[in-house]
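First to last, the sequence lines map onto chains A and B. Mapping to the numbering used here: the first sequence position 106 is 566, numbers consecutive. Mapping to the numbering used here: the second sequence position 379 is 839, numbers consecutive.
Just so you know, these hints were derived from the structure itself, not from any lab. Honestly, I wouldn't trust all of these hints.
Because identical chains share one entry, a pair is satisfied inside a single copy or across any pair of copies.
[Claimed, not checked] Derived lysine-lysine pairs resembling DSSO-like cross-links, with alpha carbons at most 27 Å apart: (1) 806 <-> 668; (2) 730 <-> 527; (3) 527 <-> 544; (4) 696 <-> 730; (5) 724 <-> 696; (6) 724 <-> 527; (7) 730 <-> 806.
Predicted, not measured: the structure shown is a model, and the values here were computed from it.
Protein chains: 2
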Amino acid sequence: MVINQSLVGAVAAARDAGASVGRILGARHGIDGVLSDDWIDLRRVTPERLETVAATPSAALGSCRHKPTEEDCARILEALLRRKVGLFLYIGGNDSADAARIVAAHAAKAGAPLRVVHVPKTIDCDLLENDHTPGYGSAARFVACALRGDDLDNRALGGVKIDIVMGRDAGFLTAASALARTGRDSGPHLVYLPERAFSPQKFVSDVKAVYSRLGRCVVAASEGIRDSRGVLVASKFSNERDSHGNLQLSGSGSLGDWLAHLVKEKTGIKRVRADTFGYLQRTFPGMASESDSAEARAVGAEAVRYALARAAAGAPAEAASISIRRRQGRAYAVEFVAVPVEKVAKNTRSMPDAFIAKSGNDVTPAFISWARPLVGPLPPSGLL
Amino acid sequence: MVINQSLVGAVAAARDAGASVGRILGARHGIDGVLSDDWIDLRRVTPERLETVAATPSAALGSCRHKPTEEDCARILEALLRRKVGLFLYIGGNDSADAARIVAAHAAKAGAPLRVVHVPKTIDCDLLENDHTPGYGSAARFVACALRGDDLDNRALGGVKIDIVMGRDAGFLTAASALARTGRDSGPHLVYLPERAFSPQKFVSDVKAVYSRLGRCVVAASEGIRDSRGVLVASKFSNERDSHGNLQLSGSGSLGDWLAHLVKEKTGIKRVRADTFGYLQRTFPGMASESDSAEARAVGAEAVRYALARAAAGAPAEAASISIRRRQGRAYAVEFVAVPVEKVAKNTRSMPDAFIAKSGNDVTPAFISWARPLVGPLPPSGLL
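Excised from the complex, chain A in its bound form (with noise of 0.2 Å):
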């Protein structure tokens, strides 16, 4: 929800930036308006058009889910150089922070001008060397006012409830499932992430000491949910795969349905629903946490500050990646630590074991003050 930020942020200090930086170009759709010769001069977007697009939701120059070659990139270069560009930023997860690093090593091998910033962005919020990735704190304000809103309705009409969350490998988002939480009692009373083994069993029987006590259980599970063997719950019902290779998780409702129907049938509990939440997760208009907003717009200006300055000191030109770091102390606060691009690059981070209830089945208080600042204030519950 907050990409358009980052993008708006480097902008803005590209022309702050003065005589130094000539055109400001934007790729439509990414690497393949790169490949295409397809741009956007965005000197000529006014200031409050681009005050919109910043607190618009989905990437406005466009998004693509093609994976470049290492021929691709020998090629981006090639494209980059011609129209002169002499500052890259490419903004994206893990995947965008490797291209950005393929790029910038056939540069530096060509010993082309050309220096290369990845801008971090991504709701899995499992990018290495970031405490938080920009895009988390948002898709995690939604995700937990949507488990706040289904507890409710689940206090009212009882029965078990099932929301299936984004995040194949890190359960972050489906973590801040657990701020929904406005007391004892209150959902998720279970919260299934990809770093522990998932047993139909337990999970039944998880379900059913809730639904004893309580007449009613609400359950958040990660798409990403695995056996113990590591083999995707979800494998069972798709075997389409995106062009990283990565099996399909979102956009099909079949985990959840399969879930509440393994409830339904080992349980004999009547009133078994699921919702898969979907894109939903990512794009909600007018839902962007305040602190996830500022740091979006802050680490994309940043990225243009730092190559700005290490081309002023004559710098080399090695890739870096912006990455976002919490201060220490009690009150929220980060700061942005340029890294080399290869330590965010390919690999990613899973939830922290100290974030994760011993139990398998929940989180911790730790995760919860963790995220909570992240996420911001949610609307107050009344109940009677």
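Use these hints to put chain B onto chain A, whose structure you have.
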């Protein structure tokens, strides 16, 4: 999302009535609470607390899906008289109106001193005698926001996106998806309603036509779409029925998954995704539309004032329902009119023909003009 506004409106009006009203009781889980003598003393809830409750989605008193039999209604009357209830308010849709009608009939037959008023509430907007119903504007706001975000996502990534919206028999909520549009070529590009026969062949060719023109397509389809014989398309996948004998439609992603599969198979388009909005549509916190909140509050208050005025005038205790009428004129305004409860019980209304495009896959400008004031302003969208 605004049912508690009606509750709080009624409580406030009863408090304002002074000594003519004694105790103010709320039954937990609707008629289940009446039958099991499970009440909350609403005079003991502070006004501050009531305001928080009013702004909280989902019935704070709890809900039930138990449709009362004639015998139940006789027992409900007994229970109410035992508690010396003189005014019985029943918040809900046409089934609730019918239950209110039956209780009132039993009271009349027994010559019991009970007044019954039905307070309308349904996100389906399908009550007779009403321009629209409390709950609709806020759920419609959620749907419009969701589609606006989804269209931005589809713009960025391409492909086909199918969104399944609540509404078993009436298409009002699915139609609200069209409010998401910001200009030419913005989605939803196709809107399928229960009021028009759904042909899978026509659907596939509609999608193909949009996709070949734009390289993308966003579809909003009602969970209640049905074939030319009136059979629900969703009946292919589910045979679970609720206590009203209705096929379970929500809480499963199978209709969306089937439509997505159909498009993939018949068109060869690779990226086809479906989301089923499910319960979020009616429970998402912080999404209530302003006019919907105000009208829900007013209709609860009006129910109390109407009954007290009739009692003061010594008028007969015929059961009524408070209906919402739209005033003629350019500025949006409503008035509340008490109608005999029989007029809103049992039967429902569908989208008028004037709201449905001749093509059968869209709404008309007349629908947009009608719906816009109910939903209120949406977050702005900035495109590049």
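Handout entry: Hint numbers contradicted by this structure
Key = Going through the list in order, the structure violates hint 1 alone and respects the others.
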